[in-house]
Amino acid sequence: AQSVSQHNHHVILSEAASLELGCNYSYGGTVNLFWYVQYPGQHLQLLLKYFSGDPLVKGIKGFEAEFIKSKFSFNLRKPSVQWSDTAEYFCAVNAGGNEKLTFGTGTRLTIIP
Amino acid sequence: DVKVTQSSRYLVKRTGEKVFLECVQDMDHENMFWYRQDPGLGLRLIYFSYDVKMKEKGDIPEGYSVSREKKERFSLILESASTNQTSMYLCASSLPRAGETQYFGPGTRLLVL
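The listed protein sequences derive, respectively, from chains C and A.
Residue numbers for the first sequence follow our numbering, so the first one is 1 and each next one is one higher.
Residue numbers for the second sequence follow our numbering, so the first one is 1 and each next one is one higher.
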C-alpha cells in the first residue's frame, strides 16, 4: 500500500520568507499527487495537483510544486509567504489508478507578520 | 461551484449512542468519501462509495458503517459510539477517475462523552 510522508510537522516563518514543504511518497508505479490546504475555520481545498505532463505544477496563491519521480517527492514551494498563508497543508497521492487518496500527516504553517 | 454540506458542525454524544453523520453533494459526483481527521495523523479514509448502494472499506472502517441510498447523499453511522471516535469527520466527493479533485465539506466535530 502507498504511504505519504510529510517530515515538517510545524513550520514558522516570517512574512516574505521563502517556503518549501517536503512530501515523499512510497509507490513505484503511476501516481497523481495533490496538495490540499486548510485555512483556519475553512474547508479543506485543493492548492494544486500533478496529473501528467510538466512536472512543475503551479497552483493558486503563488504556490508551485515539482514532481521528481526519481526522488519520489512532490515538494511545495512559494518564493515569498504572506500572513494569510497560515494554514495546515496536506500532501496526498492516488496510486496505480486508484480513486482513493492517501494523505500525509500534514504540516502546520504559521507566518509571523 | 461544487458544494458539499454536512448535517452538523458540532455534535456531542454519549458512549453507546448510535450516531448518524450526513453528507450531501450537489455536483452529481459518483464518488463519495468519509475521512476522520486527527492531530498528527492527517486524514484517514473510513469508507468510500463509488455508486449508489456500493461501498468499499477504507483504512479504518472498524466501528463504522455507511449508507448510500441516493447518489447525492452519503451517511456515516457509528453503531455504538465510543470515546476513541471523538474526532473531526470530513466528507468529500469526486468524479470517478484517479487524479480527480476531491471536494470537501466543512466537517463535523464529534465529541463522545
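These aren't lab readings, by the way, just hints derived from the structure by calculation.
As the structure is a prediction and not an experimental result, all values here were calculated from the model.
Don't be surprised by glycine CBs; every beta carbon is placed ideally from N, CA and C.
Any given hint could turn out to be false.
[What the hints assert, rightly or not] Going by beta-carbon spacing under 7 angstroms, a handful of chain A positions derived as facing chain C: (1) L45; (2) F48; (3) Q85; (4) A98; (5) G99.
[As the list claims (entries may be wrong)] Anything over 10 angstroms on all C-beta distances counts as not near chain A; from chain C, calculated: (6) G22; (7) I60; (8) T110.
Status of the hints after comparison with the structure:
no., hint, verdict
1, L45, "holds (6 angstroms)"
2, F48, "holds (6 angstroms)"
3, Q85, "violated (19 angstroms)"
4, A98, "holds (4 angstroms)"
5, G99, "holds (4 angstroms)"
6, G22, "holds (14 angstroms)"
7, I60, "holds (12 angstroms)"
8, T110, "holds (15 angstroms)"
In summary, the structure is inconsistent with hint 3 from the numbered list given earlier, while agreeing with all the others.
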